[in-house]
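Each chain, written out:
Number of protein chains: 2
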Amino acid sequence: MAVYTEVPDEELAAFLAGYGIGPLLSYKGIAEGVENTNYLIHAETGSYILTLYEKRVEPGDLPFFLGLMEHLSARGVTCPTPLRNGEGETLGQLCGRPAALMTFLEGLWIRRPGVVHCRELGSALARMHEAAADYPGARSNSLSVDGWRPIFAAVADRADSVAAGLAAEMETELAVLEASWPDDLPQGIIHADLFPDNVFFLEDKVSGLIDFYFACRDALAYDVAICINAWCFEADLSFNVTKARALLAGYFDHRPLSKAEVAALPLLARGAAMRFFVTRLYDLINHPPGAFVRPKDPMEYARRNRFHRSVTGPAEYGLEP
Amino acid sequence: MAVYTEVPDEELAAFLAGYGIGPLLSYKGIAEGVENTNYLIHAETGSYILTLYEKRVEPGDLPFFLGLMEHLSARGVTCPTPLRNGEGETLGQLCGRPAALMTFLEGLWIRRPGVVHCRELGSALARMHEAAADYPGARSNSLSVDGWRPIFAAVADRADSVAAGLAAEMETELAVLEASWPDDLPQGIIHADLFPDNVFFLEDKVSGLIDFYFACRDALAYDVAICINAWCFEADLSFNVTKARALLAGYFDHRPLSKAEVAALPLLARGAAMRFFVTRLYDLINHPPGAFVRPKDPMEYARRNRFHRSVTGPAEYGLEP
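Top line first, the protein sequences correspond to chains A and B. For the first sequence, this note's numbering assigns the number 1 to the initial residue and increments by one for each residue that follows. For the second sequence, this note's numbering assigns the number 1001 to the initial residue and increments by one for each residue that follows.
Honestly, I wouldn't trust all of these hints.
EDC-like cross-link-like pairs, simulated, lysine to aspartate or glutamate; straight-line CA separation at most 16 Å [stated by the list, open to error]:
| hint | chain 1 | residue 1 | chain 2 | residue 2 |
| --- | --- | --- | --- | --- |
| 1 | A | K28 | B | D1197 |
| 2 | B | K1259 | B | D1183 |
| 3 | A | K296 | A | D283 |
| 4 | B | K1296 | B | D1193 |
| 5 | A | K259 | A | E320 |
| 6 | A | K28 | A | E11 |
| 7 | B | K1028 | A | D197 |
| 8 | A | K28 | B | E1106 |
| 9 | B | K1028 | A | E106 |
| 10 | A | K296 | A | D197 |
| 11 | A | K259 | A | D183 |
| 12 | B | K1296 | B | D1197 |
Calculated directly from the structure, the hints in this document are not laboratory data.
Generate the whole structure from the sequences, applying the supplied hints.
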């Protein structure tokens, strides 16, 4: 959470003039997104989000992300829709940063998702996969199996300070994942970060998906595995198979997984847990003392990974093998 | 800027249920106000601000502040209006903190106020003073002349680390202010912190005043002196007498200052500069290393104080003596 860039009113007015949203009524820096600066804008025509992209987003990736949101919106997926400025561009420049203006989505993210939310989420995920099927943009997943080891290697020598034996355990697990990671599953555009705080609900129905800044091309079932990790564990890290079954049922309503995808799911779930484990471990160990953002606990994902290792087959996620 | 308290959605929904604002559509923590946690709420009936009062606000003062905003709103001063909950109270409790729900004001604060804004501000200040005249609440000004020395004394031994000779200079000035501070000027409710970021404009007209959490009973002309300090100096700390004249003309349109108030203005302006100097000096010297909020520069107010000391009479603010 942070506003990194303070935007003076004159610069903002000049930036917004090209979008045809009418006079600016108010703008507030909002405390969301650790990666970017976000303002909630009230104009005469409605509410908008202005995002200034800070250094953690690769500017060259922005056309992919903004194009994807525009593509999904046009196909009925409710997500922030980038507006086009006077030059017909979705990507502008403000205070020396790439910037975009998007529609504001009403909705609340669910702090403690229940079974009903997991089913809704599964359905929304499958519909997003379907809607993105003809998106022409290309972006490979730098946080897939090949990306985990370099991140882990950078901090492995201090992993045992987080938990005894962690370095050796995860070293072994990485080798297993690298040796067995499937490369022949159906590919498509995945969100890759569809955690509860990126899914808005109104009255227990999904009202929108946000934060597409990890989206990329990868195995669609890997996105399902990420969601199982993010949505189906309780606060004590016990696995709630009823939630997993609901999530998968919602997904299958729109896009049934193939036999190969079902068979791969336990391994994909191990990998998805590893992906968040390594980035959290890295962020924890490289956390500047006194920084405002509290690092997330990597052990939450080490424990998820252990659970998935203990699984004997897809049936444990509520799937027919 | 900060969100200090994260409010879970269930607790928020329960809190809001009593206010009759319709279903909650969204809420965003906003990066405004270093003292409190603020959320911008969208509900079916409109936009609201939810404030959770953090430790720097004295809970016993909240009825005074909320009552004042309600009083001013009823008399046509556009300011946040506290809503009443099911028990008919403006002050509630949320996440263990005092909390209030208020109307949201559209408007932008002016980063670089011009002459036209100073005249508008003067007018709005006088109208606020008039509207508050029959407010029965009592709160003395702990940051008036008697309050400056204890704050200064707590950090005086380190003042010279900010600027050589500063401790002795301000010690002398404090003694002058204490010896000559007037106690017979017209009193009333003052805002006491009406800086540009607390005044919203739409199309160069004041659209609202916010942040009444320093309001108290004190000399009305002292509030004018605070505004002269906050609005009439340029970024290089040169004094813009055209802005001061405009501010005072706007004020005089609604409430002309008496001869005694005019005569006291240079001294009040010295004191107002001292008030912000001592609190900024204290905050700078007691600033926790690595804290997110950057302390404001006390020297900006030491320099304003020096300017006011150099003034030979009210004519230098554009006033007839």
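Here is what the structure says about each hint:
A hinted pair counts as satisfied when its Cα atoms are at most 16 Å apart, and K28(A) with D1197(B) qualifies at roughly 12 Å. Distance check on the hinted pair: K1259(B) and D1183(B) sit about 15 Å apart at the alpha-carbon level, within 16 Å; holds. Restraint check for K296(A) and D283(A): the C-alpha separation of about 8 Å stays at or below 16 Å, so the hint holds. In summary, the hint linking K1296(B) to D1193(B) is supported, as the alpha carbons are separated by about 15 Å, within the 16 Å threshold.
The hinted pair formed by K259(A) and E320(A) meets the criterion: a straight-line CA distance of about 9 Å does not exceed 16 Å. This hinted pair checks out: K28(A) and E11(A) have alpha carbons roughly 15 Å apart, not beyond 16 Å. Of the pairs offered as hints, the one joining K1028(B) and D197(A) holds, with about 12 Å between alpha carbons and a cut-off of 16 Å not exceeded. A C-alpha spacing of about 10 Å is found between K28(A) and E1106(B), which places the hinted pair at or below 16 Å, so the restraint holds.
Note on K1028(B) and E106(A): the hinted pairing holds, with a Cα-Cα distance of about 10 Å set against a maximum of 16 Å. Between the alpha carbons of K296(A) and D197(A) the distance comes to roughly 14 Å, so the proposed pair stays at or under 16 Å and holds. Between K259(A) and D183(A), the direct Cα distance comes to roughly 15 Å. Compliance with the 16 Å bound is thereby established for this hinted pair. Distance hint between K1296(B) and D1197(B) is fulfilled; the C-alpha atoms sit about 14 Å from each other, no more than 16 Å.
Of the numbered hints given earlier, the model fails none.
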